[in-house]
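*Asks:* Build the full structure now, drawing on both the sequences and the hints.
2 protein chains.
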Amino acid sequence: MRDVYIIGAGTTKFGELWDSSLRELASEAGLKALMDAGIYAEDIDALYGANTSGGQFVDQEQVAALIADYSGISELNIPSIRIEAGSASGGAALLQAFLAVKSGHYETVAVGGVEKMTDVPSEVANEIIGGSLDAEWETFFGATEASLAAMVAKRHEYDTGVKREDYAQFPVIAHKHGSMNETSHFRNVIKIEDVLKAPFVSEPLTVFDTAPISDGASALIISADKKKIKNAEHPLRIKSSTAANDFLSLHDRKSIDRFGAVRKSTKSALELAGLEVGKVDVFEIHDSYSIAGLIQMEEILGKEAIRMTRDGEFYYNSSHPVNVSGGLKAHGNPLGASGVYQAVEAVLQLRGNAGTRQVKNAENIMIHNMGGLGTTSVTSIIGVD
Amino acid sequence: MRDVYIIGAGTTKFGELWDSSLRELASEAGLKALMDAGIYAEDIDALYGANTSGGQFVDQEQVAALIADYSGISELNIPSIRIEAGSASGGAALLQAFLAVKSGHYETVAVGGVEKMTDVPSEVANEIIGGSLDAEWETFFGATEASLAAMVAKRHEYDTGVKREDYAQFPVIAHKHGSMNETSHFRNVIKIEDVLKAPFVSEPLTVFDTAPISDGASALIISADKKKIKNAEHPLRIKSSTAANDFLSLHDRKSIDRFGAVRKSTKSALELAGLEVGKVDVFEIHDSYSIAGLIQMEEILGKEAIRMTRDGEFYYNSSHPVNVSGGLKAHGNPLGASGVYQAVEAVLQLRGNAGTRQVKNAENIMIHNMGGLGTTSVTSIIGVD
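Chains as they are written, first to last, in the working numbering: chain A, 935 to 1319; chain B, 935 to 1319.
Because the hints were derived from the structure by calculation, they are not lab data.
Among the clues, some could well be false.
Pairs involving identical chains hold if they fit within one copy or between any two copies, as the list cannot separate such chains.
[Claimed, not checked] Taking lysine-lysine pairs in the DSBU-like style, the calculated list, with each CA pair at most 35 angstroms apart, reads: (1) Lys1162 <-> Lys1201; (2) Lys966 <-> Lys1162; (3) Lys1160 <-> Lys1201; (4) Lys1201 <-> Lys1164; (5) Lys1162 <-> Lys1188; (6) Lys966 <-> Lys1201; (7) Lys1188 <-> Lys966; (8) Lys1237 <-> Lys1110; (9) Lys1161 <-> Lys1201; (10) Lys1161 <-> Lys1188.
*Replies:* In structure tokens form, the structure reads like this:
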């Protein structure tokens, strides 16, 4: 099969962006990506839009058509399809775009992820976020994503002997990295005590264990067109992109604190890329909750991940950099955009454009995007060729 | 590129199915499609779920993960992605599945479309349906899809001289065909006077000019696996599948009563299939509104379509059969399922299993699924080889 490259990337700032609408955010990111790729809208064969809950947040479905419209490409009749997989929507859109280009049907495709979450009160936002859980067996009975994550955390402590302080490291790492990223929602550095002493969201998880409610958009241009790849300043190859799913309800799973889909999708992404995990230089993972971040790293690196967390090996200047963007926790989590931003971060790092948080000599980056608590898992590996 | 076949199809009845939940409908259709293909869940590499507004209708996002769960395939970690393109979601899911199989990434894929619309009052349902319009420039100002369709109708009368009675033929044809289909929402035959004298939804359109609010699910199994294709009783080739988009807002378009995206996607579907339009034996189109049905046929066949409508040439036993399933109008319109059911109908017709509404010697069927009023247009051509 032919190779597929990322030839352009763009993002808005993530945060509480009350002055910007869904459509403005999407078109800002889209236009930046087009300009970055050095191409025009006419060069795009299709658009894949990632959005989790536009219908509920801003009464807007058919979001991909809206993005196309406001990016000024509607006149060209470019097919525009929305991809949804809970908060894995961004990664899933990249996967579908990758497959569509690989199939030969399209040469050059735009991937845009966007979510506008702060137009509703936060309790409403949390209800909408709960839409990615099982409505009949979880949310109907009052479960929220945070309360389920808290149960996962308690069970994981019981199963593995991991301590509260261990997974509390994840937000600390994220804020350290996020402080060095100008598009971050949060740029403050925090300490482990800040995480432990903050108000509970659902015991033992505090507000610092959870990613924020954010607005934002990110976009990519991917292509298999040899001329466009040659003209691009820093084309980066998508070495693999793949997905796996688990049961929607936690109670259906054999173990609530293991993410089988994550294990499967990250493993198959490595296989498809022809890489050992040791060859991955940077991991951008889905730290919607601190405990979810830790379990993902365990699924990828094994139990050793717990020790690495404790020993500070996940910082940008250490052996296994994780979430050098600031992650969902500090860079922000506009659901549909988060997975697309992970790829934007990979582009910045692999181009050497990541400023003070630059990882040295990074050649392969794994990005892992997750819907619900391990329900949908999408992994891509992006690298210099 | 390699050929892709539909090897299994299944559907629930469409209608007001108060005793069945979203998940029950989806799994019923999915299991029927698997049994029809003569394969097991283990044989599926991925699932594409079409759903327009699960988040709003039944508080459920990540719908594809839910479908996988209730179809009993979650244990297999099969990737499950939801596709949304307004009421073109079903066609768009088929397109993505087709491209994913064509790319070589997957061999055999399930496509499921489902919508559960009758759990909310009809005024709420109509608001949710409005989510496929432009929230800021249309629905915010009180426009509904029906009122915009009514404007399109008036403009089309003005532009072309077409008469109210002409497009009122579409529901009459649909009900005639739907009366012969046991999975139809409506099985009553109606006359042109019934359409004209029914209560207005938005003048000049009456309730009989509009497709109903329905529950239902449909599913397909598509494959490029030679063994599975050989084992299937009636494999049918997807000769092409393609999409095009138009502006989301009607006011942005050069002409509100022309559907440029429909013209483009139907034309390119023919080109990709290597067929002249004269070789298409049956058209399943998106008659969400009678006027939309007429305009689609004009985009496909030219102005001649108006005369054909008047002369009764769109019946199953005439020269250009249209919506032999009963269409969205009579067979029903559970948004995400409608586009998938169009392919199920193509399968029934091409296998010769369509009972009293069987079109004789059909070899090529065009299915056209639309999001909004011509915003997203997805066309596939399915045929005996």
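*Asks:* So which of those numbered hints doesn't the model satisfy?
*Replies:* none
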